[in-house]
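Asker: Residues per chain are reported as follows:
2 protein chains.
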Amino acid sequence: MRVHIQNPTGEDTFAITEAQWRAALERGGGPVGLDATFANDAAGFESGVRDAEVLITWNRELVARKATLRTLAPRLSVIGLTSAGLDPLAPFDWVPDGVTLVNNSGTHADKAGEFGIMAILMLEVRFPALVAQQQKGEWRPLFSSTLEGKTLLVIGPGSLGGAVAQKARGFGMRVIGVRHGSAPHPDCDETYRFTELDRVLPQAEYLLLTCPLTPETRHILNRDRIGLLPNGARLINMARGAVWDQDAVCDALDSGALDGAITDVAVPEPLPPDHRLWRTRNMLVTPHICCDDKARYNDRTLDVVLLNLRERAAGRPMPNRVDPQTGY
Amino acid sequence: MRVHIQNPTGEDTFAITEAQWRAALERGGGPVGLDATFANDAAGFESGVRDAEVLITWNRELVARKATLRTLAPRLSVIGLTSAGLDPLAPFDWVPDGVTLVNNSGTHADKAGEFGIMAILMLEVRFPALVAQQQKGEWRPLFSSTLEGKTLLVIGPGSLGGAVAQKARGFGMRVIGVRHGSAPHPDCDETYRFTELDRVLPQAEYLLLTCPLTPETRHILNRDRIGLLPNGARLINMARGAVWDQDAVCDALDSGALDGAITDVAVPEPLPPDHRLWRTRNMLVTPHICCDDKARYNDRTLDVVLLNLRERAAGRPMPNRVDPQTGY
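Those protein sequences? They're chains S and W, same order as listed.
Numbering follows this note's numbering, in which position 10 of the first sequence is assigned residue number 11; successive positions increment by one, without gaps.
Numbering follows this note's numbering, in which position 269 of the second sequence is assigned residue number 270; successive positions increment by one, without gaps.
Please note: incorrect hints may appear among the correct ones.
The list cannot tell twin chains apart, which means a pair is met if one copy fits it or any two copies do.
[Said to hold, decoys possible] Result set (EDC-like, lysine to aspartate or glutamate): computed pairs, CA atoms no more than 16 Å apart in a straight line: (1) Lys67 / Asp42; (2) Lys67 / Asp252; (3) Lys151 / Asp111; (4) Lys67 / Glu47; (5) Lys67 / Asp98; (6) Lys67 / Asp88; (7) Lys137 / Asp275; (8) Lys67 / Glu19; (9) Lys137 / Asp304; (10) Lys295 / Asp13; (11) Lys295 / Asp111; (12) Lys151 / Glu191; (13) Lys151 / Asp42; (14) Lys151 / Asp260; (15) Lys295 / Glu149; (16) Lys295 / Asp36; (17) Lys151 / Asp13.
Hints were generated in silico from the structure; no laboratory data involved.
All chains, please: the whole structure from these sequences, using the hints.
Answerer: Encoded structure:
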């Protein structure tokens, strides 16, 4: 089966190499008989996809070329993307008949799990306040405790949130998941629907946002719901800046109603230097890095794509198939 | 058996309460027949210790009263201290014959384990640099990876260092311990003596200091040894400020030879506002809070003391007995 890998044009840092591809095959990834071409320019794309059944590429590379696929890639049946969120490719009316989109959901889980438990531990230790003290040169002990027995509420316990939930339970936390459906999550002690969110918010000593951004989740943590949190609650946002009311969060930190927050996402991104979020009391901001594993990103993406091709070759559903109706 | 608990004078925050004492007994702690008195002043001390076999108190309370014990407390046989390090009580020539000192080593392990793994994760994520970027309002992604397969060197894998080592192995790290003797440590993959330190330093992607401060460990991480660390190593000090050459560490951070450091200890403490340590590049400073669990400190101290009394009543050695020769 012919596979074409279209790497980013003019940027080598994240390019998938032939060595990475061969190593992924050797890990036992795909069905037999895969034969790959590589390119990072327009001519290479045209010749590479001409007889390819599988295209592996980046959202931003595909955005520029998606309209040409029907004519340039007549044999295409699977597109594997190097992202979990495919929102830049929506709406999906450009997808040729018979072509399935596959994302790399799962690639980010290990890194996200480590970032999430780090953030929870930092908030327990009151690191946002300690950083402010360091900036003033103030040596003032602030005492804290351990995570055991405390409650973490995860809004969107999917691949990312589930990885954090698993780590949190390893530290003895009780984990409540709130999600679109009602399916229990193996790493949550209890699982509720979005419609039941208001009822469980008062238990959230720690609140983690890891849901996809959809019309249903936009501002899901609004000003009213922030008011339902227990006094001194701690927040972590690893989802998108628009899933919470950013100004309401800042107000609650300024007033002391919330004890601290760590966010890896913001509105807008990149955040301008003079933005309020940078200087809000007990808020730590990281620049959208919580889920990208520099050392292993391509390896894991290729493992996911090859797993899906193996499932397809065996006649089973591809686990990372993206529904063009919902985009995830 | 009569127990006297002498709480700090003029300070209630950390006082051991009767409720905490009763709860510790109910957890199944001590031998039967324990009967406690409580005081926080001189008169209460004199009447409380008069027929006490066990005294539970603080280093700083005992410093002022140790010379009076031979006359005031003729029946005394065990003193349980609410600290792991008893260096303020040295030299130990004041200890009456037949009296055994017991520290609370182990009390700090859970909290220390959480602080240590938090610090390692923060250094992996490059949090010191991210904090500096936040201060400038600079949104610039810095990518990192996960801990799996990386090497942590622990100098002093006792109760604190062992707790961190255990957590680190849970994240897939390889842990090397370096200690006074050659006894293997259950949470270290390999254990070496202090005399072999130079040989293993080049493997230390992460270096954690958790040794007691003794003549042997003072400046154990000196300028020469910092030079043996791999380029871009990360350091964590949860021991004492004097176990490393603080200025040499700052120089190596300033030059970029070290990638980052988190220290909970300093020379001097409290650190004055204009001290270099506060402003060293990629150094985060916390004010000696890494091991004190606000919510559980007294409970765990009492559990340790009662465990030792139970072992003694059973005719076995007390595990927390402090050797007056070494002070630990």
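Asker: Hints first: check each against the structure and report whether it holds.
Answerer: The hints, checked one at a time:
no.: 1; hint: Lys67 / Asp42; verdict: within (15 Å within a copy, 81 Å between copies)
no.: 2; hint: Lys67 / Asp252; verdict: neither (43 Å within a copy, 52 Å between copies)
no.: 3; hint: Lys151 / Asp111; verdict: between (22 Å within a copy, 15 Å between copies)
no.: 4; hint: Lys67 / Glu47; verdict: within (12 Å within a copy, 87 Å between copies)
no.: 5; hint: Lys67 / Asp98; verdict: within (13 Å within a copy, 87 Å between copies)
no.: 6; hint: Lys67 / Asp88; verdict: within (14 Å within a copy, 71 Å between copies)
no.: 7; hint: Lys137 / Asp275; verdict: between (20 Å within a copy, 9 Å between copies)
no.: 8; hint: Lys67 / Glu19; verdict: neither (24 Å within a copy, 73 Å between copies)
no.: 9; hint: Lys137 / Asp304; verdict: neither (47 Å within a copy, 39 Å between copies)
no.: 10; hint: Lys295 / Asp13; verdict: within (13 Å within a copy, 49 Å between copies)
no.: 11; hint: Lys295 / Asp111; verdict: within (12 Å within a copy, 31 Å between copies)
no.: 12; hint: Lys151 / Glu191; verdict: within (14 Å within a copy, 34 Å between copies)
no.: 13; hint: Lys151 / Asp42; verdict: neither (52 Å within a copy, 36 Å between copies)
no.: 14; hint: Lys151 / Asp260; verdict: within (15 Å within a copy, 33 Å between copies)
no.: 15; hint: Lys295 / Glu149; verdict: between (31 Å within a copy, 13 Å between copies)
no.: 16; hint: Lys295 / Asp36; verdict: neither (26 Å within a copy, 60 Å between copies)
no.: 17; hint: Lys151 / Asp13; verdict: neither (44 Å within a copy, 25 Å between copies)
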